[in-house]
Amino acid sequence: MHRTIQELLQQMGLSPSQPPNPTEWRAFLTALTERERERTSLAPSASLRALFSEPQVRQWLDGLPWGVGMVSKQGEVIWWNQTGRAWLSKQTGDVSYIVSLPTRPLFQTLRLQSNTLSQLTPPAIWQQLSAGRPFDVLDGELVCTNGDLLPATYTIMPLGKGDDFAGCLLLFRETTAQKVTAQKLREAKEDAEAASHAKSTFLANMSHELRTPLAAIIGYSELLHEQASLLGYDRFVDRLKKIHISADHLLSLINDILDLSKVEAGRMTLDNDLFTVQTLLEDVLVTTQPLTEKNQNQLVVNIGQGLGHFYGDQVKLRQILLNLLSNAAKFTRQGVVTFTAVREPIGMQTIHSIHQLPREQLRFVIADDGIGMTAQQMKHLFEPFTQADASTAREFGGTGLGLAISRRFCEMMNGRIEVVSEVGHGATFTLTLPVPHMEEVDWPERLPRLPTAEPNAIRQRILVVDDDRIIRELLGRYLVRQGFEVWLAENGYEALDIVRQVRPDAIILDIFMPGMDGWEVLARLKQDPHTADVPVILASVDDDQKHGFALGAADYLLKPFDYNLLEQTLWRHMAVPERGHILLLDDNRQIREIFREQLEVHGYRVTEAGNGQEGLAAVREDAPDLILLDLMMPEMDGFEFLLTLRDNPAWQKIPVIVISVMDLSHRERQRLNGSVERVMEKGTFGRDELVGQIHQLVHARLNPL
Amino acid sequence: MTLILLVEDNEMLQDIVSARLELRGYDVDVVSHGGEALTYLEAKHPDVILMDMSLPYMNGWDATERIKANEVTKHIPVIALTAHALSSDRRRSFEVGCDEYETKPIKFDRLVGKIDRLVNGAGF
Numbered sequence: 000m001h002r003t004i005q006e007l008l009q010q011m012g013l014s015p016s017q018p019p020n021p022t023e024w025r026a027f028l029t030a031l032t033e034r035e036r037e038r039t040s041l042a043p044s045a046s047l048r049a050l051f052s053e054p055q056v057r058q059w060l061d062g063l064p065w066g067v068g069m070v071s072k073q074g075e076v077i078w079w080n081q082t083g084r085a086w087l088s089k090q091t092g093d094v095s096y097i098v099s100l101p102t103r104p105l106f107q108t109l110r111l112q113s114n115t116l117s118q119l120t121p122p123a124i125w126q127q128l129s130a131g132r133p134f135d136v137l138d139g140e141l142v143c144t145n146g147d148l149l150p151a152t153y154t155i156m157p158l159g160k161g162d163d164f165a166g167c168l169l170l171f172r173e174t175t176a177q178k179v180t181a182q183k184l185r186e187a188k189e190d191a192e193a194a195s196h197a198k199s200t201f202l203a204n205m206s207h208e209l210r211t212p213l214a215a216i217i218g219y220s221e222l223l224h225e226q227a228s229l230l231g232y233d234r235f236v237d238r239l240k241k242i243h244i245s246a247d248h249l250l251s252l253i254n255d256i257l258d259l260s261k262v263e264a265g266r267m268t269l270d271n272d273l274f275t276v277q278t279l280l281e282d283v284l285v286t287t288q289p290l291t292e293k294n295q296n297q298l299v300v301n302i303g304q305g306l307g308h309f310y311g312d313q314v315k316l317r318q319i320l321l322n323l324l325s326n327a328a329k330f331t332r333q334g335v336v337t338f339t340a341v342r343e344p345i346g347m348q349t350i351h352s353i354h355q356l357p358r359e360q361l362r363f364v365i366a367d368d369g370i371g372m373t374a375q376q377m378k379h380l381f382e383p384f385t386q387a388d389a390s391t392a393r394e395f396g397g398t399g400l401g402l403a404i405s406r407r408f409c410e411m412m413n414g415r416i417e418v419v420s421e422v423g424h425g426a427t428f429t430l431t432l433p434v435p436h437m438e439e440v441d442w443p444e445r446l447p448r449l450p451t452a453e454p455n456a457i458r459q460r461i462l463v464v465d466d467d468r469i470i471r472e473l474l475g476r477y478l479v480r481q482g483f484e485v486w487l488a489e490n491g492y493e494a495l496d497i498v499r500q501v502r503p504d505a506i507i508l509d510i511f512m513p514g515m516d517g518w519e520v521l522a523r524l525k526q527d528p529h530t531a532d533v534p535v536i537l538a539s540v541d542d543d544q545k546h547g548f549a550l551g552a553a554d555y556l557l558k559p560f561d562y563n564l565l566e567q568t569l570w571r572h573m574a575v576p577e578r579g580h581i582l583l584l585d586d587n588r589q590i591r592e593i594f595r596e597q598l599e600v601h602g603y604r605v606t607e608a609g610n611g612q613e614g615l616a617a618v619r620e621d622a623p624d625l626i627l628l629d630l631m632m633p634e635m636d637g638f639e640f641l642l643t644l645r646d647n648p649a650w651q652k653i654p655v656i657v658i659s660v661m662d663l664s665h666r667e668r669q670r671l672n673g674s675v676e677r678v679m680e681k682g683t684f685g686r687d688e689l690v691g692q693i694h695q696l697v698h699a700r701l702n703p704l
Numbered sequence: 000m001t002l003i004l005l006v007e008d009n010e011m012l013q014d015i016v017s018a019r020l021e022l023r024g025y026d027v028d029v030v031s032h033g034g035e036a037l038t039y040l041e042a043k044h045p046d047v048i049l050m051d052m053s054l055p056y057m058n059g060w061d062a063t064e065r066i067k068a069n070e071v072t073k074h075i076p077v078i079a080l081t082a083h084a085l086s087s088d089r090r091r092s093f094e095v096g097c098d099e100y101e102t103k104p105i106k107f108d109r110l111v112g113k114i115d116r117l118v119n120g121a122g123f
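Chains as they are written, first to last, in numbering that gives the first Met the number 0: chain R, 0 to 704; chain F, 0 to 123.
Read the hints as simulated data drawn from the structure, not as lab findings. Yeah, the Cβ is synthetic: ideal placement off N, Cα and C, and Gly gets one too. Keep in mind that a hint or two might mislead.
[Said to hold, decoys possible] A short, non-exhaustive set of chain F residues, derived as facing chain R with CB atoms under 10 Å:
hint: 1; residue: G34
hint: 2; residue: Y39
hint: 3; residue: I78
hint: 4; residue: R89
hint: 5; residue: C97
With the rest of the complex left out, here is chain R (with noise of 0.2 Å):
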């Protein structure tokens, strides 16, 4: 090839054995052009056959492994390049054999049909060509001398515009081998896709296949095994129970079989839902005692507080309890066996603003102090089926798939299982999920539950059931304003199941509802013993306050709600003894009765003093915590008390908040900046405003992150 065409690729970065995109091409021919003028210094209107007609040109193009054609101004392609000759006449291997083509129109060499330019007709796409605009078509097809199609790339270049129209050429690079090569993908493709859903629908029926017969035998098994011990025959009921334990065993060992093959088939799903750990923990426990026992092991158990809910498969979760727990017993005897479960912030976070949700975590430890494992065998411990998992699966039972499974399912919460273990000394387990932020759940669309801003922080829950629905929502919304966690449901069973998973701290109940009544609810929260102790406050238009004291409910209250009387009547019943405790400092009585009425309708605990001195005797003897402050008193003022609370280190942290009458001056503002959290004057803000913000200080005060 001619350097010059050489340094022409080099330049741009093209190698004559690899086809240039359309850009590329258009940009190497241009440039090409450019040359191609400079050195004949032609006429930039000089027609496209005179630049081209130049011998070296001619040569230079037919060593380029592309197709290149040369379309003159009247829409006819006049000559081709040795690889366009060859590609059209369906010559391959040697690029040598001359055939020349006739001249043909430009657009019986192109198939319009089903490709970029199939919208335009020819006539307009030669005007937008003479205007200078190129075309570019990456899947098309070009009509070979014998009237084959040849799959094609290729670009429509004009040469000049408008007047200076000098023709076109076409640039094109057949793309046979990458459409077979696409249609062998297309096809391995729906293959794999077949065999993945005959896998599934074969996992499925064996799963339905297995499990029926299996049910039967363990069923009869056990019933044979009742009817035997009845009746005295002691010889029937050891065998009788060897069935059962041994179907019990083909049993899980189906079930981990099968649900290993689902989740390597990429088939196993999260069922997610909201509950409560600390019920999923208990039935957890529960199972598992009899475990420890048979090894006379003992169970120390730590649950953390503030476990709350958490989003996620509980199914699965519980199957990774159980397997690490049972771990733990089989292989330690008499022994300890230790369960940990906490919810913690997950590393270090710098918390900008009270509204800024940390990001948590439940971490649960399942340590034993059993025969332990060596170096070797915790390496191949999450895979199934492994040499040590073999024989101890026969030693000490189970199916050695558990951890595999376990690990897997903890896998797909985004979770980590992580193990510490020295022969001789035990093993401990170590299971962290992290918790799902409430936006990123993707909650049903009838929400039970109203967003709220710090939906982790422990706050008092109530369920609100009625079957209007703006009641609910405004009921609701009220109640999630004055900081509470707040449930919704518009029926009898909606409720049921809400306070079954998540035990709220009171609930308002509406009477009159279609389907189920406010009074079978009332009556079947009250027969089950998990939820007959949470206060329920029945709602109503009419007056039938007798029938539902007598049925258990805490109290009653008439519909349209008076949301003061309401709110008081929650904080009266919830099994909470108050929402904080505020200290009143102003020395006009008059004001201070306002404000604790006002407050204790809020739930609060409220003392009073009168003055500086007396203010710091009441901190002194029950530290509050909130401090509502009056500048102006007599005898120790605001100023002075305030001096004296920061002081002691004990106080420092107690939220302050300064009611001020008047306008305080520059100076003052100095005194009180860094010792007040706010300031807030009198006139300038509602009832409203000052309870948000105390209930916003009390809590932060109380649920430190």
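Take the given structure of chain R and dock chain F to it, following the hints.
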């Protein structure tokens, strides 16, 4: 004597469940599908219904819905028996009016506990 209506299409389960309940002193009547259950309930009222959810002809959910919609039978407690442990199944059971829920394989002691609670706690 507490009377239990078992709605279950699998013959072996019919046999096993009714026999074990009878050993514990309950009376058990058995029908094979939802339609039969509704017919049965026109003539007789059991103290509790054990309803398998996947039944032929009319599934357990539909049958329960009808039982709970009928003034005459809606007070009879229904315990759903299902092979699936999906949370959506549980919700659905409660939505159609089931009073309790039990997954197969049935833990018999647990089931009996639920039956007792529903039967003895009922009525006010």
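Hint check results:
Hint on F/G34 is violated. Least Cβ distance to chain R is approximately 23 Å, over the 10 Å limit. Checking F/Y39 against chain R by beta carbon gives a least distance of about 24 Å; that is not within 10 Å, so the hint is violated. Hint status for F/I78: violated, given a least beta-carbon distance of 14 Å to chain R, over 10 Å. Restraint check, F/R89 versus chain R: the minimum CB separation of about 8 Å is within 10 Å; hint holds.
The beta carbon of F/C97 comes within 9 Å of a beta carbon in chain R, closer than 10 Å, and the hint placing it at the interface holds.
In summary, the numbered hints that this structure violates are 1, 2 and 3.
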